[in-house]
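*Asks:* Starting from the given sequences, assemble the full structure and let the hints guide the process.
Just so you know, the sequences run in chain order A, B, C and D. For the first sequence, counting from 1, position 139 maps to 139 in our numbering; every step adds exactly one. If you count the second sequence from 1, you need to add 1000 to reach our numbering. If you count the third sequence from 1, you need to add 2000 to reach our numbering. If you count the fourth sequence from 1, you need to add 3000 to reach our numbering.
Each hint should be verified, as a subset may be incorrect.
To be verified - So, partial list: chain B residues that the calculated Cβ filter (under 10 Å) puts toward chain C:
(1) V1019
(2) D1025
(3) V1038
(4) R1039
(5) S1040
(6) G1050
(7) G1051
(8) Q1053
(9) W1054
(10) V1114
(11) G1117
(12) D1118
(13) H1162
In short, the hints are calculated from the structure, not lab data. C-beta: ideal position from N, C-alpha, C; glycine also.
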Amino acid sequence: MIYEVSEGKTSVRVDLQQVGEGLYDVTIDGRTLRIDAVRSGRNVYSVIEGGRQWEISVDENGSHGFDVLVAGRLFHLGAVDERRKLLAAAGQVVAEGKQTVEARMPGKIVKVSVAVGDAVREGQSLLVVEAMKMENDITSPIDGRVTEVAAREGDTVETGAHLVVVDPGGEAP
Amino acid sequence: MIYEVSEGKTSVRVDLQQVGEGLYDVTIDGRTLRIDAVRSGRNVYSVIEGGRQWEISVDENGSHGFDVLVAGRLFHLGAVDERRKLLAAAGQVVAEGKQTVEARMPGKIVKVSVAVGDAVREGQSLLVVEAMKMENDITSPIDGRVTEVAAREGDTVETGAHLVVVDPGGEAP
Amino acid sequence: MFKKILIANRGEIAVRIIRACHELGVKAAAIYSDVDRDALHVRYADEAYPCGPAAAAESYLKAERVVEIARACGAEAIHPGYGFLSERGFFPDLCRDAGIVFIGPSGDVMRTMGDKVTARQTMEKAGVPIVPGVTERLSDEAAERWIRDVGPPVMIKASAGGGGKGMRLVRDVSEVRTALARARSEARASFGDDGLYIEKFVEEPRHVEIQILADTHGHVIHLFERECSVQRRHQKVIEEAPANRMTPDLRARMGEAAVAAARTVGYVGAGTCEFLVNPKGEFYFLEMNTRVQVEHAITEAITGVDIVKQMIKIAAGARLELTQDRVGINGHAIEARIYAEDPESNFAPSPGEVLLYRVPGGPGIRVDSGVFAGARVTVHYDPMVAKLVTWGRDRPEAIDRMRRALSEFVVKGIKTSIPFHQRVMRHPKFLEGHYDTGFIETYLKDREPPDASAEEARRMAISLTAIAAWARDKGRAERAAAAPAGTGPGAWKAFGRRAQMRGGLR
Amino acid sequence: MFKKILIANRGEIAVRIIRACHELGVKAAAIYSDVDRDALHVRYADEAYPCGPAAAAESYLKAERVVEIARACGAEAIHPGYGFLSERGFFPDLCRDAGIVFIGPSGDVMRTMGDKVTARQTMEKAGVPIVPGVTERLSDEAAERWIRDVGPPVMIKASAGGGGKGMRLVRDVSEVRTALARARSEARASFGDDGLYIEKFVEEPRHVEIQILADTHGHVIHLFERECSVQRRHQKVIEEAPANRMTPDLRARMGEAAVAAARTVGYVGAGTCEFLVNPKGEFYFLEMNTRVQVEHAITEAITGVDIVKQMIKIAAGARLELTQDRVGINGHAIEARIYAEDPESNFAPSPGEVLLYRVPGGPGIRVDSGVFAGARVTVHYDPMVAKLVTWGRDRPEAIDRMRRALSEFVVKGIKTSIPFHQRVMRHPKFLEGHYDTGFIETYLKDREPPDASAEEARRMAISLTAIAAWARDKGRAERAAAAPAGTGPGAWKAFGRRAQMRGGLR
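*Replies:* Now the structure itself:
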């Protein structure tokens, strides 16, 4: 089984072979690891590789994403098997085009700082969401122009709610 | 719903009415308690009755048995609804007749002290099972005569394995 | 001693107070909002009463209702914990009028200390050093003028504030207007009062606070200091006791100042005087917290004194059995606040169900949890889910234990700040103990530079991602395959059909 | 300091040692039998290696294999924990020959102290008081003769024994024969050696032991005493430090005796001298445990000394940084051993999967767990799943905290001794601190007399039983009802049939 595992923009080809109960040969850039991975409780694996033992927590995050916690370090990785690559590629195109800014958490919109047509810079505040008694700035992921504002002040929004769309097409001032 | 809840030889009639989500009216000897019982995790209930809060652990034990831990006190209770009472009654008869001594834990039989035909007294050692490096005496629940010995020294037995049958019929010496 | 105490709070501090009650043989009555019926503080309580809907303003902040519940269940005293009603001056009055003991100082003391402006004036009179600033409530114009005069950096604060809400640091005059606006809106949102005041900002400041205990018989002692300089957005994240770079002389002078402050206002109960200390060892009064602090546990660790039990005994009228010369510092303690938030995405709150919860153990470890496996973390309340405190014979041992304990701590279902704390415990500046309140902003803004061990970790992360993806896809495939097969409901149908066929053959 | 240590053990003590390694920055290598691949000590280790099948004799007791694993993975030292190979004299020799440091005393010391008979003789020479008895190995006949001469009560013990295995109390001459037979069979089973010896039984004895530390430079200190008089079948169940009814004078004399014992045999590492103390305050040497004790944690709690880290530092050749006058007793600590056993059915082992595991927290609590939610407790090893230690400024506070902590401790899936400990913490004799090793047999044999609170508890238990039975029956009914309904696989079939029908209509 071949998986394309990606971190941000970089990605690596991983060849995975199950060779026994909870036993895998994992090949990354031509180097093969024999991995003994047992999972108990909720996706907290005990992993033994070449004698070394790691306790590794793996959480699915979205359709192809995984949050992996290893030795106090958190990695956000994506994995698609080769048959799914085209799909993923398509996803990429979208990701590089218009950016739909979504709510990262449920909360109340206390301020909307932009309107349709506004030019915005990456990192510029688009709106402020209050959750858990804290005001959280939601910023623009890219330079561009606001093409849609779905959020209104006072709205209560759930995680994943579409708030603002920014189009890199319109050049920033 | 009427349940017959028993502790040892005594038992009490319990009238149970669900009056809401996790809310019950429980009537015992004519006294009715309004019980708010929420269960999270594995059968550890948070129970509120008349303002008092109890954390109560309930484990099924056999077909009609429950082990209930309340405020550091462990109760072994049985519950059958009235339709099942006849069944239970039948069970009672057996329970008061021949006693089948079963293994309380998995282990190895290191000694069998009785043979078929032996007269035994309540509490007398029938055999010794070793588990977790400890020798555990298995004693007779009643006075009577041994009518069957299923266990042999050296055997490894699982929980619930039949070991010895003692019949109260044969009068003790 | 009281027979029953009502705890007007939730989460880990409610659990903490229930524990104190149980150790004193006092019944603990909890209150719970609609979303907290199954919360840990309810499960640990002897009694529990509903107090309203999820929104705090409709439940935990409804003072009259809380007092009424206490009266109705026969509680002789109320412990407010921290946050919620704990520093509302009218609440102790309300309790007194209902004939219920409020575990804490009087309403008057709260009003004096609760309003930062009055507090500064009072401390000034008591001879406690304070930071230069404008004490009267200001219009935006007046504020801007003052800032132009004394010159930045200055700190804008909410008069009714606390816990960093409504606080803004202004390093350039151009930021003043927006800073004032945001500060006022936050102040209004958090305290229903948009009064602001302004102070000169102390450079390289360290946050050092003194814990005090005062009984109703005029005895006041201090339990030494805590350093709380590791802050994010003026929220304490990591605290330690004793403080770094502390001298016996400075400790004595700060202790005396805190005791003087308490005496001046006739303080009763446990309280904390917060100071800023600059590199020269000069200290300035910041504010007094007239309640138990989140970080009280590190003082308990180095003194052996149970502060919450002391609060209850004091409220019951007992004399302090402790004297200043009978308390001492034993070893070093560090607290890491575990928040339900995602350190990777700007510490955004991360509510959800706690699916797995494995706390660290062994020597020198204390965990105060507000959750358990199966508990829900909601967006309605403070995102702190646990406090992890480690103790050691010295600071290095306390840090070794913190690093060790964080690696054992497993929380699944919600994201937590555990990885952030692990990073702090690796940071040379923290290990040196040489840092100020700018620590996080200065050193932890950027991603950590990759090192060898990070690369090994990455390789394992990539491998496990492939394995997890494979397991998931395999699972899906098997479920799909299983569907047609003759198991469960399917089998019933199959049996039905066979029965019909047999019928047909008759 | 070592770079890597192999831990030749499992369960909570392996976890304890791993924690010490991590705090010292030393890599910890674990070994695991076939049934322990997913055990907690593996999950906490930096490295883990299989050591054989489930049976200890085939895995954790295979000395040569353990040493070979250590050599192969480059471990410079081996920590044996307690039990298993920890007191086998040949094991330190084996390590030495393989060029690996054994963390503990030499094989010779173990042989001297390990054989109770030789140990008694050695102590007698060192001037340490011992219990009258026969030191040479005895035939059944000789043993019976001696017992008839000195008269019962006498205690029969296994020469190679420990932890109460093979021990029998004889109060009447008629019991001698059976007692000897059972003792020999247990001794053979547990130690592969049926050598026995006999001692006069000390009336109203209290078990008090002294913890000592000895470095490789001739420095020997003691860390005061522990009382372990709460025993069942000569197995310690609850321990506390300091001991009850202890005087500074007695403490000093027992401490000196223990240090003398250690010096006499040239002891190195952490060790414990066990004594019996009678009501007159006379004490008799019992045995010396040449390893870390299960109950070492209560000494850590009152002294602040990390005994396991000290063992490692000593083995690495470090000088003790501690001196007798720099260690002191701070407060009081109690340990409750949580066993996987059913207190209601004669403490029968209760193996199984741990379904839920919620440990207590808050001030003065330490938990050393060997399990976690999802772990399996097997019949192959010691049934202890956790140690709960509480600390207080005095004994009453430690007891209050123990009672409080036990009420918070939730373990589901296996039965545990928690309810038993709760009963002990309610017992007036224990609260007085006036008890001896006969405590359990004397006071806890019979069921507890019912009281008012027990009646309330019973009413709730009955109610919840009805509710649980109802929920179970309801669940069954619903599952039965659900079966025919067209969901999941059923729906697929339905869809299939519709498709066919449409086809037929074309």
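*Asks:* Evaluate each hint against the coordinates.
*Replies:* Against the structure, the hints:
1. V1019: 16 Å, violated
2. D1025: 18 Å, violated
3. V1038: 5 Å, holds
4. R1039: 9 Å, holds
5. S1040: With a closest approach of 4 Å, the S1040/B hint holds.
6. G1050: 9 Å, holds
7. G1051: 5 Å, holds
8. Q1053: Holds: closest Cβ of chain C sits about 4 Å from Q1053/B, inside 10 Å.
9. W1054: 9 Å, holds
10. V1114: 46 Å, violated
11. G1117: 49 Å, violated
12. D1118: 49 Å, violated
13. H1162: Violated, because the Cβ-Cβ distance from H1162/B to chain C comes to roughly 33 Å (cut-off 10 Å).
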